[in-house]
Amino acid sequence: MLEVKQLSCGYDDYPVVKNVSFSVKEGQRLCIMGPNGCGKTTLLRAVSGLLPYKGQVSICGKNLQELSRKEAARSIALMSQITSVYFSYTVYETVLLGRYAHTNGGAFSRTTEQDRQIVLNSMARTGILDLKDRMITELSGGQLQRVFLARTFAQSPKIILLDEPTNHLDLKYQVELVEDLKAWTAEKGRCAVGVLHDVNLALDFADTILLLENGQVRAFSPAKEFDLSMLSEVYQMDVGGYMRRSLKRWE
Amino acid sequence: MKTASKILVLTAAALAAVILGIGVGSVFIPPGDVGTILICNLFGHPIPETIDPVYPGLVMNMRLPRVLMAFFTGAALSMSGTVMQSVLRNPLASPFSLGVSAGAGLGAALVMVLGISSGILGAFLLPAVSLAFALGTVILVVGFATRMDKNLSNTTIVLIGMVVSLFCNAIMSMLSTLSPINAQRISLWTLGSFSMKEWNQVFILAPVTVLGILFFLHYAREMDVMTFGEEQAQALGVDMKRMKWLLIGAVAVLTGTATAFVGIIGFVDLIAPHVVRRFFGASHRKVIPASALFGGTFMVLCDLASRTLTPPREIPIGSITALIGAPFFIYIYFAGRRR
Numbered sequence: 001m002l003e004v005k006q007l008s009c010g011y012d013d014y015p016v017v018k019n020v021s022f023s024v025k026e027g028q029r030l031c032i033m034g035p036n037g038c039g040k041t042t043l044l045r046a047v048s049g050l051l052p053y054k055g056q057v058s059i060c061g062k063n064l065q066e067l068s069r070k071e072a073a074r075s076i077a078l079m080s081q082i083t084s085v086y087f088s089y090t091v092y093e094t095v096l097l098g099r100y101a102h103t104n105g106g107a108f109s110r111t112t113e114q115d116r117q118i119v120l121n122s123m124a125r126t127g128i129l130d131l132k133d134r135m136i137t138e139l140s141g142g143q144l145q146r147v148f149l150a151r152t153f154a155q156s157p158k159i160i161l162l163d164e165p166t167n168h169l170d171l172k173y174q175v176e177l178v179e180d181l182k183a184w185t186a187e188k189g190r191c192a193v194g195v196l197h198d199v200n201l202a203l204d205f206a207d208t209i210l211l212l213e214n215g216q217v218r219a220f221s222p223a224k225e226f227d228l229s230m231l232s233e234v235y236q237m238d239v240g241g242y243m244r245r246s247l248k249r250w251e
Numbered sequence: 001m002k003t004a005s006k007i008l009v010l011t012a013a014a015l016a017a018v019i020l021g022i023g024v025g026s027v028f029i030p031p032g033d034v035g036t037i038l039i040c041n042l043f044g045h046p047i048p049e050t051i052d053p054v055y056p057g058l059v060m061n062m063r064l065p066r067v068l069m070a071f072f073t074g075a076a077l078s079m080s081g082t083v084m085q086s087v088l089r090n091p092l093a094s095p096f097s098l099g100v101s102a103g104a105g106l107g108a109a110l111v112m113v114l115g116i117s118s119g120i121l122g123a124f125l126l127p128a129v130s131l132a133f134a135l136g137t138v139i140l141v142v143g144f145a146t147r148m149d150k151n152l153s154n155t156t157i158v159l160i161g162m163v164v165s166l167f168c169n170a171i172m173s174m175l176s177t178l179s180p181i182n183a184q185r186i187s188l189w190t191l192g193s194f195s196m197k198e199w200n201q202v203f204i205l206a207p208v209t210v211l212g213i214l215f216f217l218h219y220a221r222e223m224d225v226m227t228f229g230e231e232q233a234q235a236l237g238v239d240m241k242r243m244k245w246l247l248i249g250a251v252a253v254l255t256g257t258a259t260a261f262v263g264i265i266g267f268v269d270l271i272a273p274h275v276v277r278r279f280f281g282a283s284h285r286k287v288i289p290a291s292a293l294f295g296g297t298f299m300v301l302c303d304l305a306s307r308t309l310t311p312p313r314e315i316p317i318g319s320i321t322a323l324i325g326a327p328f329f330i331y332i333y334f335a336g337r338r339r
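Chain order of the listed sequences is A and B. Residues in the first sequence are numbered consecutively from 1, following this note's numbering. Residues in the second sequence are numbered consecutively from 1, following this note's numbering.
Derived from the structure by calculation, the hints contain no laboratory data. These figures come from a predicted structure and were not determined experimentally. It is possible that some hints are incorrect.
[Said to hold, decoys possible] Dumping the calculated EDC-like pairs for lysine to aspartate or glutamate here, alpha-carbon to alpha-carbon at most 16 Å:
{"hint": "1", "chain 1": "B", "residue 1": "Lys286", "chain 2": "A", "residue 2": "Glu93"}
{"hint": "2", "chain 1": "A", "residue 1": "Lys70", "chain 2": "B", "residue 2": "Asp239"}
{"hint": "3", "chain 1": "B", "residue 1": "Lys2", "chain 2": "A", "residue 2": "Asp133"}
{"hint": "4", "chain 1": "A", "residue 1": "Lys70", "chain 2": "B", "residue 2": "Glu198"}
{"hint": "5", "chain 1": "A", "residue 1": "Lys54", "chain 2": "A", "residue 2": "Glu93"}
[As the list claims (entries may be wrong)] Going by beta-carbon spacing under 7 Å, a handful of chain B positions derived as facing chain A:
{"hint": "6", "residue": "Asp52"}
{"hint": "7", "residue": "Thr156"}
{"hint": "8", "residue": "Glu198"}
{"hint": "9", "residue": "Asp224"}
{"hint": "10", "residue": "Ala235"}
{"hint": "11", "residue": "Gly281"}
{"hint": "12", "residue": "Ser283"}
Don't be surprised by glycine CBs; every beta carbon is placed ideally from N, CA and C.
Could you put together the complete structure from these sequences and hints?
Written out as structure tokens, the structure reads:
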């Protein structure tokens with residue numbers, strides 16, 4: 001569904017991501033891992049068409065660069081790291097904006113019953129139906145993150161890209177979000193790509209791992225076959241030892 | 001209260017302000033007489049003999065064009081403020097952040113100092129040059145910003161707008177200093193006035209403002225999406241660069257036209273969007289018409305105050321908008337926060 005070939009991109013001629021290739025098939029969940037500054041967010045921005053790049057990105061067989069912004073948004077959604085909100089929309093109004101790419105727009109275009117149902121289903125899926133009429137400026141960071149996730153679901157994309165989606169979420173909601181995403185990708189014609197820092201959560205979420213180091217692919221393999229010792233090399237710390245110490249405390 | 005009811009209340013307030021604005025002045029005209037004169041003129045009926053024969057001329061030739069100019073100027077500036085705050089995602093942004101006022105002021109100052117006249121344009125020369133300079137300044141600001149920043153980010157636009165505004169203001173100050181005879185005229189123009197407004201000006205500003213409302217309503221959903229930031233808006237399907245050019249261009253035409261006729265009037269563009277959002281929420285389908293109605297009403301009342309508080313002198317309208325607007329804004333803003 002998503003095919004990235006020899007992708008390079010960066011900022012002001014400074015290359016951040018270099019010759020990265022990977023693909024994600026229907027139903028797959030790919031987790032991009034790597035230390036800070038290795039190019040994870042930059043890669044997601046390029047794959048969603050927000051950043052110019054060299055190479056090729058195909059979404060469901062179509063070249064991303066040949067799609068209009070609305071066409072791209074109907075196929076691929078990006079849930080960015082949370083940003084501050086300045087204006088008071090209700091939760092329902094915010095989630096409804098996810099349907100923008102599916103509407104013709106215009107002053108007198110009305111919200112269809114189908115749009116309304118999709119929005120309500122997305123809100124139910126993320127557990128925010130009871131917040132429907134609340135102003136988003138009154139919400140906690142975690143609640144806001146769930147509103148944005150619901151908006152991403154309401155966009156009805158085929159591919160969801162998530163940039164550190166568990167930020168601001170407590171442990172329960174982190175686990176629930178991963179389960180939500182698993183259930184979402186299980187439905188026909190969908191896949192997800194996420195950047196996650198928590199190793200446990202990443203391994204729970206992903207069936208494929210893409211490990212980046214200095215903007216290049218260090219490893220791209222099924223999660224079950226992924227050599228965890230590589231994490232220690234890339235992060236330059238004893239990741240396994242840290243995990244074992246944590247586990248010992250639990251035991 | 002539902003949105004439709006709130007809009008009805010605002011419309012009623014706007015009508016009341018217009019009738020009050022027409023009736024109150026050196027000669028007081030009772031509201032009933034104002035209504036009768038307006039209706040008779042609208043439907044081509046003769047004016048009843050019970051009405052003082054001085055009133056119809058006073059209403060139709062002097063007070064009504066002035067009040068309508070105030071209303072449409074307020075509406076245009078308020079809508080423009082709402083749009084700029086959403087496009088630049090900055091609650092302190094206004095059309096003047098783009099250099100519209102500085103450009104218009106510079107154009108007007110040049111016409112005054114150089115004593116330019118034109119047989120074809122006549123009295124419209126100053127507004128025409130002023131509008132051309134306002135639009136030219138915005139094109140310069142956005143063009144410059146695009147060259148410096150391919151993504152046309154909000155920060156770049158605001159920064160370039162500020163620099164160009166300061167540059168234009170500096171030239172305007174130099175012109176005032178070099179031409180002391182025109183200094184007072186330039187200074188008064190930069191404080192704004194609705195004095196001596198005529199129907200031909202209303203016939204230009206009114207359709208531009210109405211078209212502005214329709215244009216912004218057409219892009220209401222895009223503006224809703226844009227308030228969540230450039231990256232999120234693009235990810236949701238908005239072509240940010242195109243939308244910024246379209247909306248900023250429309251704001252420049254709207255603000256430039258209003259400013260060209262009445263001079264620089266600040267504050268309403270900044271406060272109206274905040275006050276309206278407090279009662280209508282942030283959705284642009286509601287905020288755009290509500291800003292127009294609120295801004296128009298507010299400006300009519302400010303103009304009324306400017307010409308009736310210290311007769312026969314008029315207080316500059318720009319001072320009145322700030323004097324009334326500042327405490328009103330603080331009251332609305334903090335009362336809302338307490339709720």
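Hints, verified against the model:
1. B:Lys286 with A:Glu93: holds (12 Å)
2. A:Lys70 with B:Asp239: holds (8 Å)
3. B:Lys2 with A:Asp133: OK: Lys2 (chain B) and Asp133 (chain A) at ~14 Å, within 16 Å.
4. A:Lys70 with B:Glu198: violated (46 Å)
5. A:Lys54 with A:Glu93: With Cα atoms ~37 Å apart, Lys54 (chain A) and Glu93 (chain A) exceed 16 Å; violated.
6. Asp52: At 44 Å from the nearest chain A Cβ, Asp52 (chain B) fails the 7 Å test, so the hint is violated.
7. Thr156: violated (13 Å)
8. Glu198: With a closest approach of 32 Å, the Glu198 (chain B) hint is violated.
9. Asp224: Interface hint status for Asp224 (chain B): holds (6 Å vs cutoff 7 Å).
10. Ala235: Holds - the Cβ of Ala235 (chain B) comes within 7 Å of chain A, reaching about 4 Å at its closest.
11. Gly281: holds (6 Å)
12. Ser283: OK, holds: Ser283 (chain B) within 7 Å of chain A, min 6 Å.
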